[in-house]
Structures are given as structure tokens and as C-alpha cells.
Amino acid sequence: MTPSFSYKTPKTLHEACDLLWNYQGKAKLIAGGTDLVIGLRSGDFQPHCLIDITRIEELRRIDEKNETVSVGTTVTHSEIASSHLIKRYGKVLSDAASEIGSPQIRNLGTIGGNIVNASPAADTLPPLMVLDAYAKVVSKEGGREVPVFQLFKGPYETALKPHEILAQIKFQKLPLDIRNSFVRLARREAMAIARMSVALVLRLEKGTIEDIRISIGAVTPTPQRISDVERMLKGRMPEEMLIKKASQKVSEVMIERSGIRPSTSYKAPVLEALFVRAMRNALEAES
Amino acid sequence: MMKNEKETSTIKFVLNGKSVQIDVPPHWTLLRLLREKLGFTGTKEGCGIGECGACTVLLDGMPVNACLILVLKVDGREVQTVEGLGSRESLHPLQQSFIDHGAVQCGFCTPGILMSSKALLDRNPHPNRDEIKEGISGHLCRCTGYHQIIEAIEAVTHK
Chain A
109 MTPSFSYKTP KTLHEACDLL WNYQGKAKLI AGGTDLVIGL RSGDFQPHCL
159 IDITRIEELR RIDEKNETVS VGTTVTHSEI ASSHLIKRYG KVLSDAASEI
209 GSPQIRNLGT IGGNIVNASP AADTLPPLMV LDAYAKVVSK EGGREVPVFQ
259 LFKGPYETAL KPHEILAQIK FQKLPLDIRN SFVRLARREA MAIARMSVAL
309 VLRLEKGTIE DIRISIGAVT PTPQRISDVE RMLKGRMPEE MLIKKASQKV
359 SEVMIERSGI RPSTSYKAPV LEALFVRAMR NALEAES
Chain B
27 MMKNEKETST IKFVLNGKSV QIDVPPHWTL LRLLREKLGF TGTKEGCGIG
77 ECGACTVLLD GMPVNACLIL VLKVDGREVQ TVEGLGSRES LHPLQQSFID
127 HGAVQCGFCT PGILMSSKAL LDRNPHPNRD EIKEGISGHL CRCTGYHQII
177 EAIEAVTHK
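Keeping their order, the protein sequence lines are chains A and B. Going by my numbering, the first residue of the first sequence is number 109, and it counts up by one from there. Going by my numbering, the first residue of the second sequence is number 27, and it counts up by one from there.
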């Protein structure tokens, strides 16, 4: 049984900030509800008030301004997957959004919700890491911009204050000749939570890796770039031996961050294979 | 703290083409409203957590899990359920095709799959097999193994 609560539908961000402030931590924001409604049903959440932010127009837009793409917090995964702007300038994100859950979940779930739920397995997080995305956070006290990776304190735990709203995600447009890859592994293709994923973007210049950014999902407590491996590959020719060595380094980084677990003997070689696959996809893709 | 069940809000929405205005407790889901208050029991409750797709309805034309939608979300919007698809006298082409192809066994997943199939065909009248599979990927069917369902949808696209 879900206990009762009041339900507010502010039309402006200002109004939403006021409401959240006035409830002093006893209200929760709701967007798509794909995680929150399950938590209400199980009793994990017992808010006095839900503030539905999906009727705030300015949070529902995907825009470009000069070299920056901005995505409102309540833009759904379906909208991201089909956005021409994101497919052009941040394909690694639209690819990941298109593989989340099921069509029904993608029509409800939002990018902001995926971030603030802070699941280690959230599919949009590795792409946001390789996009070097940053978040616009607002509250009654004002606004701040912060790199997305700094929003996470641990699994299911963000650094947002109770009265703060994640309003927008922004990233610099990727160069058009960049190669993207997002690969995910789950128990089955549809409606399954990722066991592990790899997101990367890379640029080749005369056969050498001129730039590369890599992130892995679901196998570390919080999302991060893997700069050790990026450094290893930058300026080098993407030869098979090098990619294999890099893949071993990827699984070492996973172990450094997550420790040795009963599943490690499975995850290490599989993550390595997934990384190699992601590299191949990117190298074989039309840039 | 349980608050009084009688605390309600009024919502207005369009259900299968007809305007509905009703008082509902804010913590109810759309699924509960449809089944327990409005008597639209064609929409099924399977898992209740957005995994099985049995409760799929169309919200502004898009398939969604009615078990994950709190009722106030539908205020001012349009909902379609299987009851709005066809009638006993004149079935929707998808419904007829499901019967013709043996795509219904126990029938529990059928209303939801019909709604996702309708949304798919509204958007893309001639999907290929992969697009059909993707379109119904948010549904579990434990009887048919999906083949008959895919064939039933495919047959409609060839008409």
C-alpha cells in the first residue's frame, strides 16, 4: 500500500524551488516516476509531498547554443534517442538512451531521473562521463554548475542538497569526425539492468588515436572516466596488442575501484572483451 | 503516517475518446484508477513494477506502464486502453490478426501487447521484423514464445 501524499504540479522552475524549500526535505521531486513509484509501492519512500516537475516547459527542451548542447532534466530517454541534435553531437548518449529498459520505460524515464537515482548501472552515466557533461543545479538560494561526475557520492547517493533541483545537463558538441561506441551487457537484451557497459569516444588523426575518452558502467560504485587507459592509448596506433593491454588495464581499474568480489573472476575477462568490442566498433565506424 | 483515504484531487482527462472527470487519491496509479474505479479491467496488472508490460496503455499515443503512473500525471492528457481499440462487433485489425494467428493463449499479456503494437503501427505502418520485435520488447509472454505474436503483427502490416 502506498501511503497518501499531496501532489503538486508547478509550472515554473521558480515555483518548484519554492515548494521544495518550504517542505524542508519532506518533499520529493517526481519526473517519469519509473524508479520513484516502485519506491513508493515498496515503502522505501514516504514523502509528505511529491513535486511533479514534468509540466515545467523549460526543463523539457533540448537546445543548442554555439558549441554547447543543453538537455532539460525531464527530457525522456525516447526523446534523447530520437533527437537529431544529440545524434549529431553526442551520439554515445543517444545510443545509450535507446537501449534503456523498454519502449514504455523510455517514454516515461528521464535523463535527470537516471542521474539523481544514482544507480551504478544507470545507462546514461558512462556516456555523460565521456561527454564531460556538467549539470546546472538550481535552488531557492541560486544556481550552480558542476561536472556531472561530482554529483555522485556513492551508489544511489548524490551530492545534491535536499532543496536543490537538477535542472539541465550540458555538454560541448563533439567534433563531427569523432567515433562513438556504447556497448552494454545484460542478462538479456530488453528490460534488463546492465551488468556492465563501456562508453567511449575517440578521434583518429592519420591512423593514430589523437583523442580518447573512456568510461565504464555498472562495475564501479560511481561513474568516472578511466584516464589511466586514455593516457595509455593517446598518441598511439590502435593496434591489437595495445588494445588488449589497454583492456587488461580497464579491468585492473575496475578492481581498484570496486575491490575483489565473488563475481570478479567473471567480470574481469568479460569487461575486457566488452572494451575490445567497444574499441573495434569505434574504429570500424564511419567517422 | 497514513493520511485519510478520502483526500482526493480532481483530474480531467480523455479516456478512449471520451472526457472523464473524477476525484482520485493522489497516491493511486493510473492502473488502479482504470481497473478499480472505472471498471476498465482489460488493462492487466502483472508485476506492478514496470517489468512485464501487461498494464501498457497509450498516454498521448505513447505506450507506457500504467502501474508506474500516478493518477495526477494524466490530468489534461489522453489515455487509450484496449477497450478503445475495437468492439465485440468490430474488432481492430490487430485483434483479428492475433486471433487468426493463434497469438493469444492465456491472454493475460494480450491487451498490453495490442496497445504497443498499435502505437508502433501508428508511428510506422510498415515495420520490419526487427522493428516489430523492438516495439514489443517491453512485454513478457510466457505462453506463445512470441512467434505467433510477431507473425500476427506482421500480417497486419502487409495489408
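A few of these clues could be false.
As the list claims (entries may be wrong) - Straight-line alpha carbon distances no greater than 27 angstroms define the calculated BS3-like cross-link-like pairs of lysine-lysine that follow: (1) A/Lys-352 with A/Lys-116; (2) B/Lys-38 with A/Lys-116; (3) B/Lys-159 with A/Lys-119.
Said to hold, decoys possible - Chain A residues, not near chain B, derived (Cβ > 10 angstroms throughout): (4) Arg-168; (5) Ser-186; (6) Lys-278; (7) Glu-297; (8) Gly-315; (9) Arg-333; (10) Val-361; (11) Tyr-374.
Hints in this document: simulated from the structure, not taken from any laboratory. By construction, the Cβ of each residue, glycine as well, lies at the ideal position given by its N, Cα and C atoms.
Hint by hint, which ones does this structure get wrong, listed from lowest number up? 1, 3, 5, 7
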